[in-house]
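Engineer: These are the residues of each chain, in order.
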Amino acid sequence: MSNGKVIAQLENITKDFDGVQILKPTNLSIYEGEFLTFLGPSGCGKTTTLRIIAGLETPTEGTVKLEGRDVTNLPPYKRNVNTVFQNYALFPNMNVFDNVAFGLVEKRLGKAEIREKVDAMLQLVQLGKMGKRKPNQLSGGQKQRVAIARALANDPKLLLLDEPLGALDLKLRKQMQLELKTLQKNLGITFVYVTHDQEEALTMSDRIIVMNNGRFEQIGTPREIYEHPQNKFVANFIGESNIFEASVVSETGAKGTLTLMMENGHVLAEGEGFKYDEIVYLCLRPENIEISTVSREGFTLKGFVRDHVYVGNIVKTVVELPNGKTVQVNRNPHGELITPGMLVNLFWDPKDAVVMHTREDYVYDAIEFAVLGK
Amino acid sequence: MSERSKIHRQGVWPIVFMLLVYLFLYMPILVVVVYSFNRNASNMTFQGFTLRWYSEVLHGSNLWANLFLSLKLALVATIISVVLGTLATIGTYRYEFRLKKYLNAMLYIPLVIPELVIGLASLAAFSRMGMKMGFGTLVFAHVTFCLPFVIITLRARIADFDRSLEEAAMDLGANEWRTLRRVTLPILAPGILAGAFMSITLSIDDVIISYFVSGADQLTFPIKIYGMVRGKISTQVYVISSILIFAVVLIWPAGMVIRAGHRRRHPE
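Heads up: the sequence lines are chains A and B, in that order.
Position one of the first sequence corresponds to residue 1 (my numbering), numbered consecutively onward.
Position one of the second sequence corresponds to residue 1 (my numbering), numbered consecutively onward.
Everything labelled a hint here was simulated from the structure, so no lab data went into it.
Quick reminder that beta carbons are idealized off the backbone N, C-alpha and C, glycines included.
Check before you lean on any hint, since a few could be wrong.
What the hints assert, rightly or not - Coverage of chain A stretches by chain B, computed from C-beta distances (three or more under 8 Å per stretch; other residues unrestricted): (1) 68 to 81; (2) 91 to 97.
Stated by the list, open to error - Residues of chain A placed beyond 10 Å of chain B at every Cβ, according to the derived structure: (3) 86; (4) 115; (5) 290.
Isolated chain A, as found in the complex (with noise of 0.2 Å):
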């Protein structure tokens, strides 16, 4: 996807409102031509970093670069980066035309000139018959459509989208984000999306950055933020996970199999760089733990099925812990009959679980919860 060249550049950015840093000191490259998407909680500074990136919002420390161009203190219009805005912000006063114009007026170009690349602008985005329409009297999908035509109009390097898709309803939503990834290929633009659903940021980028209260939680691809979460925050955003405390009972140094030690039993893990006696969580998601009456060897995990959900494709099973923690495992319908009330063992494949270093922060968290109480 990327083929390397680095288009912008944030260093040590950071950002306060009302004296709460609300933007940890962030550093990231975006390359030219990827799908990038921030997400990330509401509040968590993604639209933040989005607005530093466009120049609608000032850092209060660090450099933006655009194309090896310091550009912190440049306005947005002196930048060639657009904006795709989370509720449109189509101009009410202009008809669908003059509204795609609006930049290329901006630039000075000639009638003929604005007219030909307005008329491939809508064509582009389907709307060719439109021009003439007002904002208000188009639906949500054509406004967003709109607004599309409207940023690429002025040939950016960058477009940035702030939850282009947060108001159309679920049916048009899927749309228009297979729509959104085939337009960003054909064109070859970077695209810079901002969304808080993780189906979304998954189905459409070619990097994720998952963002909690203003730090970057983990950079990858969907595939590495999904099969590889680096931290419980970003196992638990991104699709279901069970996750359990542990610790470290056989040390590897080399990468291998470790032996864990539950509340409730021993199980295996694969993981390198974790030292004997160390406090780990371990993340499984539901679809990669299996039960059976039969135990499985590095296994002593076990625990009663609560409750089963039969949905089709899968079985949803709770199997409770003698701890009184839920596990939620996914089964193939056509496996081995387990009914409520079973004593069933736990296992996975070692290879499919995720151990994870408790962050240094939530010791402290716990600490300061712990004797303030708070």
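Put chain B on the given structure of chain A with help from the hints.
Structural biologist: Coordinates of chain B only, in the frame set by chain A:
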């Protein structure tokens, strides 16, 4: 449909009552118009139709000077109020500062203080500053009471304004000035226009404040009329009042047409 049938069931009395209310409202105005065509100069009884007074007013009435002064005053005061008011509204909308709340509240004070007090205060202040009463002081005084109306009218409009429209304009390459011209002002235009109309009306209407701050040779139209009717109502007053009424009757539907056209272009 149901609204209509309800009226039918209640019979004709509500309609009669409504007509009486309107008659009460419009009777005095009607009298003025009718008497402007009265052949009897004493105005006590109607003695037949004439256009003599109209021709008398049109040729060589001294009221025209006062009318033009009033119009000029309204225009100048409105232009100043609209420019200042628009800047103030956009400024207070866009920026947060410490005394904003109080500054906004203080706008309403000139609206609730009796005009008499404002008139007296203006006179006192202008004299203190050594200003000679005349057109300048009139403009000053009129701006002080027109400005709050412009701001309050415009503020209602700007409350719905979406800040991201300005951001979108800047994002698309328009600098601050171009953004103001191409996006902000066109969207606020109906509010600015409404404020301007209000300001013109208030300015032309004002007697009390103008009375204190106008010079002896700079009497506004309402003051001049007021002075004239203290003795007896001259036919001239009827004629000029009628002309004003005709003007309003013509301008008002024109304004409605313009607004309807605007709504068709920007249905919201």
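Engineer: Next, verify each hint and record whether it holds.
Structural biologist: So, going through the hints one by one against the coordinates:
{"no.": "1", "hint": "68 to 81", "verdict": "holds (count 4)"}
{"no.": "2", "hint": "91 to 97", "verdict": "holds (count 3)"}
{"no.": "3", "hint": "86", "verdict": "violated, 8 Å"}
{"no.": "4", "hint": "115", "verdict": "holds, 17 Å"}
{"no.": "5", "hint": "290", "verdict": "holds, 50 Å"}
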